[in-house]
Amino acid sequence: MGELFQTTEGVLLAGNMVVSLILLILFIVWAVKLSKLRRKYTQMMNGGQVDDLEGLLTEIQMKLNTQKAESDQTAAKVEQIITNVKSMKSNVAIHRYNAFGEPGSDLSFTVAMLDDQDNGLIMTGIHSREQTYIYAKPVQKGQSTYTLSPEEKEAITLTAKQKLRL
2 MGELFQTTEG VLLAGNMVVS LILLILFIVW AVKLSKLRRK YTQMMNGGQV
52 DDLEGLLTEI QMKLNTQKAE SDQTAAKVEQ IITNVKSMKS NVAIHRYNAF
102 GEPGSDLSFT VAMLDDQDNG LIMTGIHSRE QTYIYAKPVQ KGQSTYTLSP
152 EEKEAITLTA KQKLRL
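Numbering-wise (the working numbering), the sequence shown opens with residue 2 and increments by one.
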């Protein structure tokens, strides 16, 4: 065996084996890297359902445009809902009191029903022994064209604590 490496053919054979071994190692390393790259490419291409990258990008852009349009429509609907909610008479407060100072329960009342701009109405029920009188007054921006009693002003003040913060 020692004589084989003494000749030119032996040296060439040994050199050829070393080069072949190096090439085999490089081939295995590149095969592993290529396998990883193919796996990532397959994942990116949605499991092989897309033939080309350009088609995939076009499809993604179309879906993105559709989602943006739907998002804009949803935002407009939310704004409309917020506007509608603010105009609802959703702030309601009841103030009960004894109108005449007689012994007994607080059977008189004032109910304020206002929206977020303090527009709406005030209903006042004044109870006496014989009967109850109910009055309604319009309210614009927290004020009425009719004189408001202290109890009615208190009911308007109580509605401010219930306003939605949108």
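Don't take every hint at face value.
[Claimed, not checked] Pairs of lysine-lysine residues, derived as DSSO-like cross-links and limited to a Cα-Cα distance of at most 30 Å, are as follows:
1. Lys69 / Lys37
2. Lys78 / Lys41
3. Lys37 / Lys78
4. Lys154 / Lys164
5. Lys90 / Lys69
6. Lys154 / Lys142
7. Lys164 / Lys78
8. Lys87 / Lys37
9. Lys41 / Lys87
10. Lys87 / Lys154
11. Lys87 / Lys64
12. Lys69 / Lys87
13. Lys87 / Lys138
14. Lys41 / Lys69
15. Lys162 / Lys138
16. Lys69 / Lys142
17. Lys90 / Lys154
18. Lys41 / Lys90
19. Lys138 / Lys78
20. Lys90 / Lys34
21. Lys162 / Lys142
22. Lys78 / Lys154
23. Lys90 / Lys37
FYI, nobody ran anything at the bench for these hints, they're computed from the structure.
Evaluated hints:
{"no.": "1", "hint": "Lys69 / Lys37", "verdict": "violated, 34 Å"}
{"no.": "2", "hint": "Lys78 / Lys41", "verdict": "violated, 41 Å"}
{"no.": "3", "hint": "Lys37 / Lys78", "verdict": "violated, 47 Å"}
{"no.": "4", "hint": "Lys154 / Lys164", "verdict": "holds, 16 Å"}
{"no.": "5", "hint": "Lys90 / Lys69", "verdict": "violated, 34 Å"}
{"no.": "6", "hint": "Lys154 / Lys142", "verdict": "holds, 12 Å"}
{"no.": "7", "hint": "Lys164 / Lys78", "verdict": "holds, 21 Å"}
{"no.": "8", "hint": "Lys87 / Lys37", "verdict": "violated, 57 Å"}
{"no.": "9", "hint": "Lys41 / Lys87", "verdict": "violated, 52 Å"}
{"no.": "10", "hint": "Lys87 / Lys154", "verdict": "holds, 21 Å"}
{"no.": "11", "hint": "Lys87 / Lys64", "verdict": "violated, 34 Å"}
{"no.": "12", "hint": "Lys69 / Lys87", "verdict": "holds, 27 Å"}
{"no.": "13", "hint": "Lys87 / Lys138", "verdict": "holds, 21 Å"}
{"no.": "14", "hint": "Lys41 / Lys69", "verdict": "holds, 28 Å"}
{"no.": "15", "hint": "Lys162 / Lys138", "verdict": "holds, 21 Å"}
{"no.": "16", "hint": "Lys69 / Lys142", "verdict": "violated, 38 Å"}
{"no.": "17", "hint": "Lys90 / Lys154", "verdict": "holds, 17 Å"}
{"no.": "18", "hint": "Lys41 / Lys90", "verdict": "violated, 58 Å"}
{"no.": "19", "hint": "Lys138 / Lys78", "verdict": "violated, 33 Å"}
{"no.": "20", "hint": "Lys90 / Lys34", "verdict": "violated, 68 Å"}
{"no.": "21", "hint": "Lys162 / Lys142", "verdict": "holds, 16 Å"}
{"no.": "22", "hint": "Lys78 / Lys154", "verdict": "violated, 35 Å"}
{"no.": "23", "hint": "Lys90 / Lys37", "verdict": "violated, 64 Å"}
The structure does not agree with the numbered hints 1, 2, 3, 5, 8, 9, 11, 16, 18, 19, 20, 22, 23 stated previously, though it agrees with the rest.
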